[in-house]
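Asks: These are the residues of each chain, in order.
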Amino acid sequence: MSWKASEMTPDVKWQDITPGCNIFEGSTSAVVETGDWRTTKPVLALDKCKQCLLCVPVCPDMSIPVDQDGKRGDFNYFYCKGCGICAAVCPFGAITMVKDEK
Amino acid sequence: MSSDTLKENVMREERLSGGHRMCAGCGSPIAIRTVLRQLEPGDHAVVTGATSCMEVSTFMYPYTAWKDSFIHNAFANAAATCSGVETAYKALKKSGKLDDTYKFITFGGDGGTYDIGFQSLSGAMERGHDMVYVCYDNEAYMNTGIQRSSSTPHFADTTTTPAGKVIPGKLQKKKDLTKIMVAHNVPYVAQTTFIGNFKDISEKAHKAIYTPGAAFLNIMAPCPRGWRYPTEKLMEVTKAAVETCVWPLYEVIEGKYTLNYMPKNKLPVAEYLKMQGRFAHMFKPGNEWMIEQVQQEVDKNWEYLLKSCGL
Chain H
0 MSWKASEMTP DVKWQDITPG CNIFEGSTSA VVETGDWRTT KPVLALDKCK
50 QCLLCVPVCP DMSIPVDQDG KRGDFNYFYC KGCGICAAVC PFGAITMVKD
100 EK
Chain A
0 MSSDTLKENV MREERLSGGH RMCAGCGSPI AIRTVLRQLE PGDHAVVTGA
50 TSCMEVSTFM YPYTAWKDSF IHNAFANAAA TCSGVETAYK ALKKSGKLDD
100 TYKFITFGGD GGTYDIGFQS LSGAMERGHD MVYVCYDNEA YMNTGIQRSS
150 STPHFADTTT TPAGKVIPGK LQKKKDLTKI MVAHNVPYVA QTTFIGNFKD
200 ISEKAHKAIY TPGAAFLNIM APCPRGWRYP TEKLMEVTKA AVETCVWPLY
250 EVIEGKYTLN YMPKNKLPVA EYLKMQGRFA HMFKPGNEWM IEQVQQEVDK
300 NWEYLLKSCG L
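Chains H and A, in that order, are what the protein sequence lines are. Its first residue numbered 0, the first sequence is counted upward by one per residue in numbering that gives the first Met the number 0. Its first residue numbered 0, the second sequence is counted upward by one per residue in numbering that gives the first Met the number 0.
Rather than coming from a laboratory, the hints here were simulated on the basis of the structure. There may be inaccurate statements among the hints.
[Said to hold, decoys possible] With a straight-line Cα cutoff of 30 angstroms, these simulated DSS-like cross-link-like pairs (lysine-lysine) come out: (1) Lys49(H) <-> Lys263(A); (2) Lys6(A) <-> Lys70(H); (3) Lys263(A) <-> Lys98(H); (4) Lys70(H) <-> Lys238(A); (5) Lys198(A) <-> Lys47(H); (6) Lys98(H) <-> Lys238(A); (7) Lys232(A) <-> Lys70(H); (8) Lys198(A) <-> Lys306(A); (9) Lys3(H) <-> Lys66(A); (10) Lys273(A) <-> Lys40(H); (11) Lys3(H) <-> Lys96(A); (12) Lys66(A) <-> Lys70(H); (13) Lys206(A) <-> Lys70(H); (14) Lys232(A) <-> Lys40(H); (15) Lys299(A) <-> Lys265(A); (16) Lys49(H) <-> Lys173(A); (17) Lys173(A) <-> Lys265(A); (18) Lys178(A) <-> Lys164(A); (19) Lys49(H) <-> Lys6(A); (20) Lys6(A) <-> Lys263(A); (21) Lys206(A) <-> Lys96(A); (22) Lys47(H) <-> Lys6(A); (23) Lys49(H) <-> Lys238(A); (24) Lys206(A) <-> Lys273(A); (25) Lys49(H) <-> Lys198(A); (26) Lys198(A) <-> Lys173(A).
Next comes chain H alone, as it looks inside the complex:
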């Protein structure tokens, strides 16, 4: 029987999944890339950014990291789905949405 989410691959037989489909660790979704849903992506112009942080709480995907000094860093494109809410709330035009071509 497998008890870790990382061991729960599609090859695991139903007899070997956890009883009640319980998961015994938090945040196991962190390994799931949702950034590949994106069609447009936000690009940060650091010289225009005034660190007002208005973009941070509006992100539905926790894709704007804040460091220990309370300053935002570059986008986490592993999760960012490209909704553009951050760019719309930026008062300084520091975030532009560009076509994300693969």
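Once you have looked at the hints, place chain A on chain H.
Replies: Just chain A now, kept in the frame of chain H:
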């Protein structure tokens, strides 16, 4: 906490992880992460989820987006499940088997709160469990394809209330659940949404979590897919809802109403309605009466709220 600046607020621990499968631009993860950030460091949470978009997208076996314990039971009994866990916790704590502080939070969409889970919510509030029920209100059953709920506003176009020659969208008005929860005489009830620096919603979430006894928080969480507006306009939509008084920001502490935001110039409801495709038919020639009727309904509710707040 109430003294938090935006910087302090966003530096608090995030308790929802990326990798969840909510749509791009969805309002509900914003509501959830904001509420969970208000847990004090060291405090644990037990989160209960009603069946909803949020539940199926954050909790797909074996992937959970929750850092804290999460339990999903059924659509109708999220509040009952939470109240049971809270009672078990109290018993364990009393007998000295558990030392840590746990907080009990239930999240439900409007379907799981206004409709299907209403009886269990009402029961849990009446019994006064030390828990918070958070409704993220996106005004329809979005998870199954935008069917109307009792939270869907008057005249909104949904797949079960299609606006056309036969009916002008939803025929009934939106249920005022926040006021129904006030009538349960619980210590804390509040209505909020995402505005500016998130001060209003964060303060209310902190009060709701740390007020002893039952608390209810109703958060408007727009759904770009169901409301049919471009994803990036989320904060414009919530601002318009507040400025037109469609969704006033207020709280009720021990039965006493307080208005948290008074619009300087109350905007006409059309400013809110015109942003969303679900109300597009109301702007066709000959349908002006619908907008006028919604305006009258909003004005009536607003006057009643002002009176309740002693204004």
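Asks: It remains to establish, for every hint, whether it holds in the given structure.
Replies: Tested hints:
{"no.": "1", "hint": "Lys49(H) <-> Lys263(A)", "in the structure": "holds, 28 angstroms"}
{"no.": "2", "hint": "Lys6(A) <-> Lys70(H)", "in the structure": "holds, 8 angstroms"}
{"no.": "3", "hint": "Lys263(A) <-> Lys98(H)", "in the structure": "violated, 39 angstroms"}
{"no.": "4", "hint": "Lys70(H) <-> Lys238(A)", "in the structure": "holds, 26 angstroms"}
{"no.": "5", "hint": "Lys198(A) <-> Lys47(H)", "in the structure": "holds, 25 angstroms"}
{"no.": "6", "hint": "Lys98(H) <-> Lys238(A)", "in the structure": "holds, 28 angstroms"}
{"no.": "7", "hint": "Lys232(A) <-> Lys70(H)", "in the structure": "holds, 25 angstroms"}
{"no.": "8", "hint": "Lys198(A) <-> Lys306(A)", "in the structure": "holds, 25 angstroms"}
{"no.": "9", "hint": "Lys3(H) <-> Lys66(A)", "in the structure": "holds, 15 angstroms"}
{"no.": "10", "hint": "Lys273(A) <-> Lys40(H)", "in the structure": "holds, 27 angstroms"}
{"no.": "11", "hint": "Lys3(H) <-> Lys96(A)", "in the structure": "holds, 27 angstroms"}
{"no.": "12", "hint": "Lys66(A) <-> Lys70(H)", "in the structure": "holds, 23 angstroms"}
{"no.": "13", "hint": "Lys206(A) <-> Lys70(H)", "in the structure": "holds, 27 angstroms"}
{"no.": "14", "hint": "Lys232(A) <-> Lys40(H)", "in the structure": "holds, 16 angstroms"}
{"no.": "15", "hint": "Lys299(A) <-> Lys265(A)", "in the structure": "holds, 13 angstroms"}
{"no.": "16", "hint": "Lys49(H) <-> Lys173(A)", "in the structure": "violated, 41 angstroms"}
{"no.": "17", "hint": "Lys173(A) <-> Lys265(A)", "in the structure": "holds, 20 angstroms"}
{"no.": "18", "hint": "Lys178(A) <-> Lys164(A)", "in the structure": "violated, 34 angstroms"}
{"no.": "19", "hint": "Lys49(H) <-> Lys6(A)", "in the structure": "holds, 13 angstroms"}
{"no.": "20", "hint": "Lys6(A) <-> Lys263(A)", "in the structure": "holds, 27 angstroms"}
{"no.": "21", "hint": "Lys206(A) <-> Lys96(A)", "in the structure": "holds, 28 angstroms"}
{"no.": "22", "hint": "Lys47(H) <-> Lys6(A)", "in the structure": "holds, 18 angstroms"}
{"no.": "23", "hint": "Lys49(H) <-> Lys238(A)", "in the structure": "holds, 23 angstroms"}
{"no.": "24", "hint": "Lys206(A) <-> Lys273(A)", "in the structure": "violated, 34 angstroms"}
{"no.": "25", "hint": "Lys49(H) <-> Lys198(A)", "in the structure": "holds, 20 angstroms"}
{"no.": "26", "hint": "Lys198(A) <-> Lys173(A)", "in the structure": "holds, 27 angstroms"}
Of the numbered hints given earlier, the model fails hints 3, 16, 18, 24; all others are met.
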